[in-house]
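Taken in order, these protein sequences are the chains called A and B. One point on numbering: in numbering that gives the first Met the number 0, the residue at position 29 of the first sequence is 28, and numbering is uninterrupted. One point on numbering: in numbering that gives the first Met the number 0, the residue at position 140 of the second sequence is 139, and numbering is uninterrupted.
Fair warning: there could be bad hints in the mix.
Claimed, not checked - Beta-carbon label-pair distances, calculated as ranges: (1) B/Pro364 / A/Arg70: 47 to 57 Å; (2) A/Asp193 / B/Gly336: 31 to 41 Å; (3) B/Lys366 / A/Arg95: 50 to 60 Å; (4) B/Thr5 / A/Arg239: 30 to 40 Å; (5) B/Gly152 / A/Arg310: 53 to 63 Å; (6) A/Leu337 / B/Ala356: 33 to 43 Å; (7) B/His97 / A/Ala153: 21 to 31 Å; (8) B/Asp346 / A/Arg95: 52 to 62 Å; (9) B/Ala356 / A/Arg70: 22 to 32 Å; (10) A/Asp151 / B/Ala88: 19 to 29 Å; (11) B/Glu130 / A/Ala186: 46 to 56 Å; (12) A/Arg310 / B/Asp94: 45 to 55 Å; (13) B/Glu154 / A/Arg90: 20 to 30 Å.
Hints listed in this document are in silico derivations from the structure and should not be mistaken for laboratory results. Ideal Cβ placement from N, Cα and C applies to all residues, glycine included.
2 protein chains.
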Amino acid sequence: MPGAATDPHVVIVGGGFGGLHAARALAGRPVRVTLLDRRNHHLFQPLLYQVATAALNAADIATPLRSILRRATNVTVLLADVEKVDLAARRLDLDRGHMSYDALILAAGASHSYFGHGEWETLAPGLKTLEDALEIRRRVLLAYEAAEREEDGAEQGALLSFVVIGGGPTGVELAGALAEISRETIARDFRLIDPAKARIILVEGGPRVLSAFPETLSRRAERALQKIGVEVRTDAVVTRITPDAVWIGGEQIRARTVLWAAGVAATPLARSLGVPLDRSGRVLVDPDLSIPGHPEAFAIGDMCALTQEGRPLPGLAPVAIQEGRATAANVLRRLAGLPTRAFRYRDKGTMATIGRAAAVAVVGPLKLSGLIAWLAWLFVHIMFLIGFRNRFLVLFEWAWAYVTWHRGARLITRPWRPEPGER
Amino acid sequence: MPGAATDPHVVIVGGGFGGLHAARALAGRPVRVTLLDRRNHHLFQPLLYQVATAALNAADIATPLRSILRRATNVTVLLADVEKVDLAARRLDLDRGHMSYDALILAAGASHSYFGHGEWETLAPGLKTLEDALEIRRRVLLAYEAAEREEDGAEQGALLSFVVIGGGPTGVELAGALAEISRETIARDFRLIDPAKARIILVEGGPRVLSAFPETLSRRAERALQKIGVEVRTDAVVTRITPDAVWIGGEQIRARTVLWAAGVAATPLARSLGVPLDRSGRVLVDPDLSIPGHPEAFAIGDMCALTQEGRPLPGLAPVAIQEGRATAANVLRRLAGLPTRAFRYRDKGTMATIGRAAAVAVVGPLKLSGLIAWLAWLFVHIMFLIGFRNRFLVLFEWAWAYVTWHRGARLITRPWRPEPGER
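Go ahead and model the full structure; you've got the sequences and the hints to work with.
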């Protein structure tokens, strides 16, 4: 291990926004840091839907953790799966061997929740990892290919119907991008079908999309979606999903491609802790983000539940980043024998995009929509991306896509024949 | 089907260099063309090793066939698997349904040949498709990750040993790129291992690498490889491959990563034709590339065996491209009632690259090596790439890689734990 062997050992689990920013804040400090992740890359999740809809390459929004932390010589990155955390013994069970720690930062994120319908997972994949995004891309592109070969009209209609379940930012962004693909990108690529006639249906259980935003922005987002051809269904609770249809109560919508953007749940790792969790499986942390009864162990990002001014903090990248930095500072404070500080989230704004040149944003008292919100969204997301190469390439890809309506990454890289049971 | 319904139906099987250039040559002509492929993209195979070694993204060297042929309105692209060709009935059996033709161009390419050792396929993957390239990339990157976690010295050595079997252009290019990754790209990314100590071993059964080139260039290529750290083993026939070693006669080389670049065989589709094939399963075509006894059916590229001036034509992109164009012309000639013309390959040069800034090339009487050959290689390959976007991005990626020694695409996008039976 690098770093002085006598330095305290800080283990960070997860290289997402929270874990990575904690590691960066500990770089060069008198601690030995080990960052464990199951993937070799940090992922810029807010743009994942762009990989799913073939606008960006996987490499444009992901960077190997080793490259990001190359100069942080007191940080060791290891590809490992943490199977259990023993808080009392201060020890992790890995897929191979164990690891002890003096301080622990749990930042292992969240996965999809199907609200007790685990069987929907294969029928309606969600969007959390690069693999998810590539799988969604594959399904969407293959649906058009299959429609081009299909001679039965009803089946062709089902192939050209895309249902997105969940009207939060991810669902809105996915539906908007799918509409653009059908209306513009591939509109002239097929001979026998007209992709522009594809149905994109966004299904939301509550009364409006983007419920975390002010109501006026929800309405504007809904209109923007309708304008680009998305059918928005609110107060519509999905009761059943089959390989070729989605049911809203008694109503059946025939569709071969169904995507899930409705619910998240903390990683199962949280359950191994043996501490109180909230309904979504997130750790109910103390105000300094430490795990109650274990002041040397912290849970951050989507793994923790924290209430501020009576409202739970949302599962957003800025929250995780601020929590990562604050926790790194608290770890150092504790090791120096100082008291830790309570975490306080500073909201710098929230935004969601609706296809090309439309978005909604809330920045303090400001409510933005349309092109100005989209430009703000573009600027913030490009500036956030880690590493010059990605920033430049993403900008170029977007500029290029904007000018030509092409999507450069339209490749299907797995066998195209449906797997058994998949359809 | 577009195109006048009365126009003759030309079916092309395979969207590689041969099939794609045949389709392009038939665009706008009085024929209905259907291009069938199992993938949705055309692949620039000469740069596939760069995807395998994480220098380029999959999307940089592949373009959807639909985009390439968007303006060829008499060409329909279908994603389909051809299972059997019935030459007498002029009919193809597809994975679903059948298709009749008036003229047929078979351009389904080649796959790996393990010389009767089919069991080596999972132990030593070859490099023909994007999936192959991504699988090789995954294995190489995971070997370094596993070595970083390994405490046993001998096992760590096996993880850091990479054997490339086959000293043709693909093997030489792969070995050179692997050496560069270990010596430069990731040299400073690890804390516990020194990637620069990795062994890269190129094993060739014959007396010299690049046997299709003049002997002086073979020697220069060998020296260039040794200079960047590749161990070149000639006259070395692999007799056994196990999950952690390669055997050359009685000698054992411990290595966890073994890559296959030794042999190719025509696609099994050729066997379904019921016509004479050569040893590698390629169709022994007439001088006009038609299948003997079936003047309306042609086999081109890696699917056919043709001898010119006493030497078999090599399995290279320029050969397939020229054959595709010549065959399109012959199809039109036949349909117009004119006699077909014999195919004649015009050799414009051959080249192979050996890592950064070194290559060998033969252009007519000229034998080039070193930087000048590499610049020629770079120029030719970039100019050949289809589509401006790719050309620009590839150039940028290379320029960037050249300046920084970084490889942008170093992502592992499949679960990192070995699959059962894989190791």
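Tested hints:
Between B/Pro364 and A/Arg70 the Cβ separation comes to about 51 Å, which falls inside the hinted range of 47 to 57 Å. Under the hint 31 to 41 Å, the C-beta atoms of A/Asp193 and B/Gly336, about 38 Å apart, fit the expected range. About 52 Å separates the C-beta atoms of B/Lys366 and A/Arg95, a value consistent with the hinted range of 50 to 60 Å. Between B/Thr5 and A/Arg239 the CB atoms are about 48 Å apart, so this pair departs from the stated range of 30 to 40 Å.
Distance hint check for B/Gly152 and A/Arg310: the Cβ-Cβ separation is about 55 Å, which falls inside the suggested range of 53 to 63 Å. With their beta carbons about 54 Å apart, A/Leu337 and B/Ala356 fall outside the hinted range of 33 to 43 Å. For B/His97 and A/Ala153, the hinted distance range of 21 to 31 Å is satisfied, since their beta carbons lie about 23 Å from each other. At roughly 54 Å, the beta carbons of B/Asp346 and A/Arg95 sit within the given window of 52 to 62 Å.
At roughly 27 Å, the beta-carbon separation of B/Ala356 and A/Arg70 lies within the given 22 to 32 Å, and the hint holds. A/Asp151 and B/Ala88 have their C-beta atoms about 26 Å apart, which keeps the hinted 19 to 29 Å range intact. Hint check: B/Glu130 to A/Ala186, Cβ distance near 29 Å, so the stated range 46 to 56 Å is violated. The supplied range of 45 to 55 Å is met by A/Arg310 and B/Asp94, whose beta-carbon atoms lie about 54 Å from each other.
The given range of 20 to 30 Å is respected by B/Glu154 and A/Arg90, whose C-beta atoms sit roughly 24 Å from each other.
Taken one by one, the earlier hints fail for this structure at numbers 4, 6 and 11, listed in ascending order.
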